[in-house]
Amino acid sequence: MEPALNQVHVDQVLDTSGLLCPVPVYKASLALRRMAEGQTLKLICTDPGSLADIPALARQTGNRLIHLEDAGKVQTFWLMKGGGE
Amino acid sequence: MSGTNGKTRRKRLALVASKGTLDMAYPPLILATTAASLGWEVGIYFTFYGLDILHKDKHRKLKVASLANPAAPITIPNIVGMLPGATKAATLSMKKWMRDSNLPDIPEFIEMARDQGVVFFACSTTMGVMKVKQEDLIEGADIAGAAAFLDFASEADVSMFI
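Just so you know, the protein sequences line up as chains A and B, in that order.
Take the first sequence: its position 52, counted from the start at 1, is 52 in this note's numbering, and no numbers get skipped.
Take the second sequence: its position 15, counted from the start at 1, is 15 in this note's numbering, and no numbers get skipped.
In case anyone wonders, no lab produced these hints; they're calculated from the structure.
Small disclaimer: the values here were computed from a predicted structure and weren't measured.
Cβ coordinates follow ideal geometry from the N, Cα and C atoms, glycine included.
Simulated crosslink set (DSS-like; lysine-lysine; CA at most 27 Å straight-line):
hint: 1; chain 1: A; residue 1: 27; chain 2: B; residue 2: 95
hint: 2; chain 1: A; residue 1: 27; chain 2: B; residue 2: 11
hint: 3; chain 1: B; residue 1: 96; chain 2: A; residue 2: 73
hint: 4; chain 1: B; residue 1: 95; chain 2: B; residue 2: 19
hint: 5; chain 1: B; residue 1: 19; chain 2: B; residue 2: 96
hint: 6; chain 1: B; residue 1: 131; chain 2: B; residue 2: 63
hint: 7; chain 1: B; residue 1: 96; chain 2: A; residue 2: 27
hint: 8; chain 1: B; residue 1: 63; chain 2: B; residue 2: 133
hint: 9; chain 1: B; residue 1: 131; chain 2: B; residue 2: 58
hint: 10; chain 1: A; residue 1: 27; chain 2: B; residue 2: 56
hint: 11; chain 1: B; residue 1: 61; chain 2: B; residue 2: 88
hint: 12; chain 1: A; residue 1: 73; chain 2: B; residue 2: 95
To list a few chain A residues with every Cβ distance to chain B over 10 Å, as calculated:
hint: 13; residue: 9
hint: 14; residue: 12
hint: 15; residue: 15
hint: 16; residue: 36
hint: 17; residue: 37
hint: 18; residue: 38
hint: 19; residue: 48
hint: 20; residue: 68
hint: 21; residue: 70
hint: 22; residue: 78
Given only the sequences and the hints, what does the whole structure look like? Please build it.
Next comes the structure, spelled out in structure tokens:
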């Protein structure tokens, strides 16, 4: 069951606005590696590839994409460390 | 994904980087840093002109020519591309697009890849043919022949020639 977004405690915010592939994935991966299991990263992206890339990052690294908001030019992702497949 | 030892095997990417122009140095490094970010093992075999990407001095000075390249945003007629300084101008433009897009440059990408544990194979035949010595290469380049790379690549989930 997905937790309600307003109940998710964000442990770290990473803003990759203005950065293109592969930098958002690279930075998000570094941030997630430094976090503890169960912590949540809020990731802000403007690379149009991010909508496809960040779910792929979550799948490949065994982290969980809890929620994403697509506001056109800006996409925001909530990623929980661990808990993925 | 389970290996014989029961532990989950990491996915593996094996790349061949065969070109030494500025534009063609980016794709292997972008794929390598991305795959490493996904937790994969990555090795790049730098061969022929691609070995310049590992060259201490040359990797900072890779160039792209407008000559015979109709794909640039601003198309330069070949007859202009032949003139002295045209390649320098095309190179400066590409470096500017990359900088304006906040993309790392080639030395930064190499640093990122190395920090992530990407293996750099330096083709020993290219070194022999082009008279490149180990001390000409950046730190952390592993001199290897095709057999060593194929040994690595034989366990790869994804392999590409660039």
